[in-house]
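Model the full structure from these sequences, guided by the hints.
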Amino acid sequence: MLKIENLQARIDDKEILKGLNIEVKAGEVHAIMGPNGAGKSTLANVIAGKEEYEVTGGTIELNGEDISELAPEERAHAGVFLSFQYPIEIPGVTVTNFIKSSINESRKAQGLEEMPAKEMLKKIREKSELLEIDRKFLSRSLNEGFSGGEKKRNEIFQMAMLEPKLAILDETDSGLDIDALRIVANGVNKLKSKDNAVIVITHYQRLLDYIIPDFVHVLYDGKIVKSGTKDLALELEEKGYDWIKEELNA
Amino acid sequence: MELKEKLVSSFLAFENKVDIDTDSNVHNIRSKAFSDFENKGFPTRKDEEWKYTSLNSILKHDYNVFPKTEESLAYNDVKKYFLNETDCYNLVFIDGKFSSYMSETTHDGIDVCVMSSALNKPKYKMVIDAYFNKLAKDNNSLSDLNTAFSNEGAFINIPKNKVVPKPIQIINFSTGTEQEILIQPRNLVIVGENAHVQIFERHQSLTSNTTLTNSVTEIFVNKRGIVDFYKMQNDVETASLIDGTYVSQQRDSVASVHTFSFGGKLTRNNLEFYQNGAHCVSHMNGISILNGKQHVDNHTLVRHKAPDCESHEMYKGIYDDSSTGVFNGKVIVEQAAQRINAYQQNNNVIVGAKASVNSKPQLEIFADDVKCSHGCTIGQLDESALFYMQQRGIPKKEAKALLMYAFSNDALKNVKIAELKTKINAIIAKKLDVKIGFDL
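Protein sequence lines correspond, in order, to chains A and B. For the first sequence, my numbering gives the first residue as 1, with consecutive numbering after it. For the second sequence, my numbering gives the first residue as 1, with consecutive numbering after it.
Treat the hints as calculated values from the structure; they're not laboratory data. Among the clues, some could well be false.
As the list claims (entries may be wrong) - In silico DSS-like pairs for lysine-lysine, Cα to Cα no more than 30 Å straight-line:
(1) B/Lys413 <-> A/Lys100
(2) B/Lys32 <-> A/Lys136
(3) B/Lys223 <-> B/Lys162
(4) A/Lys118 <-> B/Lys421
(5) B/Lys293 <-> A/Lys122
(6) B/Lys430 <-> A/Lys165
(7) B/Lys134 <-> B/Lys6
(8) B/Lys32 <-> B/Lys137
(9) A/Lys118 <-> B/Lys430
(10) A/Lys123 <-> B/Lys413
(11) A/Lys151 <-> B/Lys397
(12) A/Lys136 <-> B/Lys396
(13) A/Lys118 <-> B/Lys396
(14) B/Lys396 <-> A/Lys151
(15) A/Lys25 <-> A/Lys192
(16) B/Lys17 <-> B/Lys46
(17) A/Lys226 <-> A/Lys190
(18) B/Lys6 <-> B/Lys293
(19) A/Lys100 <-> B/Lys396
Printed below as a string of structure tokens:
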């Protein structure tokens with residue numbers, strides 16, 4: 001599904017990713033953990049194609065195709081979805097209208113007709129129920145005045161609507177109380193299949209109690225420095241990151 | 001010959017042409033206005049109110065002040081400029097002359113007709129004496145010029161308690177049969193006590209020849225009267241417009257003027273509200289979406305003269321290429337105007353590398369218990385919002401358009417004529433060169 005080799009990226013002359021390698025196969029869930037400033041969000045944004053970041057080396061392949069030169073919307077059409085750590089507020093555009101445009105633009109890019117209104121409504125109803133989203137919420141302006149939890153739930157709602165091949169959840173657990181966390185995790189789990197993959201970026205092990213990863217990676221100083229199973233996440237929770245730093249310096 | 005000299009020599013000819021009774025009040029008003037114009041001349045950038053709008057480029061033309069021919073237009077060719085799916089009263093003027101075959105007037109309970117007959121017929125004398133030029137006098141020299149040559153335009157008189165069942169549209173076409181023409185429409189609108197009327201106004205040039213329109217509209221809203229006035233300014237790039245719209249309100253009245261500026265070479269809107277009684281509400285909404293070298297200048301004035309009134313002003317602008325905009329919003333709160341609430345907002349987005357905006361709020365407050373707020377922003381489109389939308393599969397161009405749609409939407413929500421709203425959405429989409437799958 002996703003194969004990243006020797007990825008190097010910088011922002012404003014500051015090297016952030018320094019030769020990162022990761023491979024994610026269809027049907028897998030990978031967790032990426034690491035201390036602040038290690039490059040976790042940069043990795044998510046670089047995969048999604050944010051222009052502020054300059055890729056200076058390496059490759060990003062999605063299903064065998066190099067996507068590193070594609071525009072963000074083209075990557076989205078290819079099946080990349082990023083759940084934002086800080087979703088943007090867009091006053092004047094309702095959640096429903098936004099998701100309609102989003103779906104129809106993707107369909108257009110694939111040479112498909114617009115989704116019939118009836119089908120769209122049915123899908124919106126199903127997915128909003130899955131994420132326990134109130135219908136009134138859908139006619140509000142996108143993310144405007146939403147609480148932290150509502151914003152994150154709305155991100156996963158959009159993910160459910162778009163059915164991406166590769167979903168990257170950037171700190172989706174931050175700002176969520178335990179009930180919202182359970183709803184969001186439940187949503188992600190229901191969307192998981194043998195044909196798609198999920199990368200969960202998180203500080204804490206908490207979310208991984210609900211979304212069980214197949215692999216856990218530690219990102220430190222722009223590289224994946226350690227990989228393991230979900231036990232690694234527990235170990236990190238218990239011991240912090242210092243022991244990894246020491247291991248690396250040894 | 002300089003335009004001013006030409007106008008001076010045209011004035012006598014004008015009064016002969018319109019066959020005016022030289023003993024009438026109207027004649028006196030015109031003569032006075034003409035000498036005022038002669039004394040003041042055209043405004044220049046030395047005048048503070050014209051600092052950012054130069055008339056030089058539009059005054060250098062050799063305008064014909066008396067367009068000769070009445071070009072006959074086929075309705076089907078110009079239908080798109082009308083609200084054509086909404087049943088309306090129509091007042092259509094071609095090169096400044098009334099076109100009866102395209103119009104639908106009425107005298108049935110209300111007067112929806114033309115200024116030329118109101119100014120000349122004895123039965124309207126009282127109304128004309130009571131209202132004509134009461135607001136436009138002693139104002140800027142361009143309004144004086146309009147008054148001097150005032151002869152044709154819309155005359156709308158809605159008596160007490162009448163709710164006009166359908167909108168009235170005033171359409172001014174310039175056909176440009178001659179090279180360069182100047183037309184000066186003059187409208188008078190009187191909304192009686194408790195009466196309600198909706199008016200749509202448009203100036204449209206059908207030629208690539210240079211046209212200049214110097215229009216004046218006086219609106220009087222009596223007690224509890226309601227008026228909604230919509231101005232569509234989406235003209236071709238050889239057409240310029242100077243508009244003076246003056247609104248006088250009595251107690252408990254509600255007056256709204258919406259200005260949609262999407263086209264034209266140079267557009268200057270002088271919009272003034274005078275609140276004479278308590279509990280008046282005034283709304284001014286504007287959207288300007290410009291590109292190329294277009295220039296729009298919105299100059300507004302609200303004079304709060306009475307207590308417990310409100311004024312709400314919201315102007316949005318999107319400037320692409322090397323277009324330029326001006327917003328100057330002045331609010332004067334007189335001592336008697338206690339407990340008023342004056343709100344003013346002007347938000348601008350600069351898209352073009354060479355585009356610019358000058359925004360200036362002005363408050364003069366002489367009462368002590370008032371609430372006045374204003375805000376103005378000039379910015380670019382939010383890059384992080386664009387990335388967010390692109391990440392969800394919306395291409396950058398559409399994402400930009402969607403953001404601009406959303407941005408201008410605030411000023412659109414009070415449009416009460418459905419067809420007009422649809423039309424404006426379509427114009428915005430065309431202007432931004434995108435197809436939007438839904439109306440906001």
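The hints, checked one at a time:
{"no.": "1", "hint": "B/Lys413 <-> A/Lys100", "in the structure": "holds (21 Å)"}
{"no.": "2", "hint": "B/Lys32 <-> A/Lys136", "in the structure": "violated (61 Å)"}
{"no.": "3", "hint": "B/Lys223 <-> B/Lys162", "in the structure": "holds (13 Å)"}
{"no.": "4", "hint": "A/Lys118 <-> B/Lys421", "in the structure": "holds (25 Å)"}
{"no.": "5", "hint": "B/Lys293 <-> A/Lys122", "in the structure": "violated (47 Å)"}
{"no.": "6", "hint": "B/Lys430 <-> A/Lys165", "in the structure": "violated (35 Å)"}
{"no.": "7", "hint": "B/Lys134 <-> B/Lys6", "in the structure": "holds (27 Å)"}
{"no.": "8", "hint": "B/Lys32 <-> B/Lys137", "in the structure": "holds (9 Å)"}
{"no.": "9", "hint": "A/Lys118 <-> B/Lys430", "in the structure": "holds (28 Å)"}
{"no.": "10", "hint": "A/Lys123 <-> B/Lys413", "in the structure": "holds (29 Å)"}
{"no.": "11", "hint": "A/Lys151 <-> B/Lys397", "in the structure": "holds (25 Å)"}
{"no.": "12", "hint": "A/Lys136 <-> B/Lys396", "in the structure": "holds (29 Å)"}
{"no.": "13", "hint": "A/Lys118 <-> B/Lys396", "in the structure": "holds (28 Å)"}
{"no.": "14", "hint": "B/Lys396 <-> A/Lys151", "in the structure": "holds (23 Å)"}
{"no.": "15", "hint": "A/Lys25 <-> A/Lys192", "in the structure": "holds (13 Å)"}
{"no.": "16", "hint": "B/Lys17 <-> B/Lys46", "in the structure": "violated (36 Å)"}
{"no.": "17", "hint": "A/Lys226 <-> A/Lys190", "in the structure": "holds (29 Å)"}
{"no.": "18", "hint": "B/Lys6 <-> B/Lys293", "in the structure": "holds (28 Å)"}
{"no.": "19", "hint": "A/Lys100 <-> B/Lys396", "in the structure": "holds (16 Å)"}
Against the hints set out earlier in the document, violations occur for numbers 2, 5, 6, 16.
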